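First to last, the sequence lines map onto chains R and H.
Per this note's numbering, the very first residue in the first sequence carries number 16; after that it's consecutive.
Per this note's numbering, the very first residue in the second sequence carries number 16; after that it's consecutive.
Treat the hints with care, since some could be wrong.
Said to hold, decoys possible - What follows is a list of derived Cβ distance ranges for each label pair:
(1) R/85 with H/211: 26 to 34 Å
(2) R/73 with H/55: 49 to 57 Å
(3) R/80 with H/177: 53 to 61 Å
(4) R/234 with H/205: 45 to 53 Å
(5) R/96 with H/107: 36 to 44 Å
What the hints contain is simulated information worked out from the structure, not anything from laboratory work.
Note that the structure is predicted; figures quoted are calculated from it, not measured.
For every residue, glycine included, the Cβ atom is placed at its ideal position computed from N, Cα and C.
In case you want the letters, here they are:
Number of protein chains: 2
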Amino acid sequence: MTGILYGVGVGPGAPDLVTVRAVAVLRRAPVIAAPRPAAGGTSLALRIARAAAGEVAGQETLELTFPMTRDPEARRTARAAAVEAIRSRLDDGKDVAFVTEGDPLVYSTFLDLLASSAAVDGRVVVVPGVSSITAVAAAARVPLADGDDALAVLPAPRALGDLPRLVAGFETLVLLKAGRHLAALRDALAAAGLLERAWVVAEASRPGERIARLADHVDVPPGYFTAVIVRTRAPEAR
Amino acid sequence: MTGILYGVGVGPGAPDLVTVRAVAVLRRAPVIAAPRPAAGGTSLALRIARAAAGEVAGQETLELTFPMTRDPEARRTARAAAVEAIRSRLDDGKDVAFVTEGDPLVYSTFLDLLASSAAVDGRVVVVPGVSSITAVAAAARVPLADGDDALAVLPAPRALGDLPRLVAGFETLVLLKAGRHLAALRDALAAAGLLERAWVVAEASRPGERIARLADHVDVPPGYFTAVIVRTRAPEAR
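Only chain R is shown next, with the shape it has when bound in the complex (with noise of 0.2 Å):
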């Protein structure tokens, strides 16, 4: 009987914010599996996790390297390797947990995974987080969407080259790792009367957390997890 693998959402950063159901599977799991950036490097998921879930005798911390990189070569040298470590486990019917940053089908490590199911030859099961999308809203308290509304995220050098269209279809707009676009950004946005209706939340639900109007000056380190989320319409009367 081979054993199960889950991706589990560990939330955005803020150890409560991990679901009850995430917790019993990491308290419960053989093998916690983390990704992290570079060997010996550490991962956040896995500090989010045992945050939340604490050390359980016996089990087995499995981390993984996934480098930042897009070298197709160096990312599918790295995840056959991290198939085969997960892969030995299932098959010995050990179940795994492997942890993802927010929800594990939201630009996530685990989508490699999940891409290589074959492979892993296992049961997959996903265990929904609370995603960066929705911790950024909270912090801004900036509505994601109302009534008929449209949402679209994106990575924002990729909102950049098409932002008319994307004011023109949807009421809002969540643009993830904007750190470095900040004044594009706020360029583009004053461009489209929108400089107003943006803000800017750095690092949210973590104890770095900023959260300031994209009009007003603001300087996030680099780094630092960065959105920005606009609101293309004026809120109705109500």
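Fit chain H to the given chain R structure using the hints.
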């Protein structure tokens, strides 16, 4: 000292998809406020909250009617009554936890209160939850966004009027309120060559959960929470 108004997302339906923070707020708040669609009706969010956090001795339950209507006058009247009921508790120095299915900022009645928060005249805190968006994806085990992907979330009827543009601009579409539009979606997605890349999910994470390919015959009871998720591109070789 006025109380704090908490908007508490209780997740998509399964009681163990509530966060640890939501459980803590629900146990500590002297007043649990919950939206219901009709006087005498029941609140699904309240049922989830009770299943997750239990009933606390001495805690007040304040059921507030938000009629399912587009009539602005009826909505205004209901909202004013809800705001007034909440404000009187806050003025007494009591914290109020207003529960919503999913996340408080995603298609939720809490947005009515947030828009009236000047009237509520107190501090407002949003506790994000697992949204229906990630719950639907988790049920179907379909990625929401990978790499530089863009994600669009909108009501199905609105998407039907704009499908080619959405498909061109977004790798993933999550189409909500889809129950009565499955046949039209099937036709439109077949015409776009995407029928094999679309899934129907009803009652994600709830006892009546159903997952099917849209290509298959799908019959969803009226009143079910139903979404269609579409991956618009073939997966890249990994």
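Comparing the hints with the structure gives:
no.: 1; hint: R/85 with H/211: 26 to 34 Å; in the structure: 29 Å, holds
no.: 2; hint: R/73 with H/55: 49 to 57 Å; in the structure: 52 Å, holds
no.: 3; hint: R/80 with H/177: 53 to 61 Å; in the structure: 42 Å, violated
no.: 4; hint: R/234 with H/205: 45 to 53 Å; in the structure: 50 Å, holds
no.: 5; hint: R/96 with H/107: 36 to 44 Å; in the structure: 60 Å, violated
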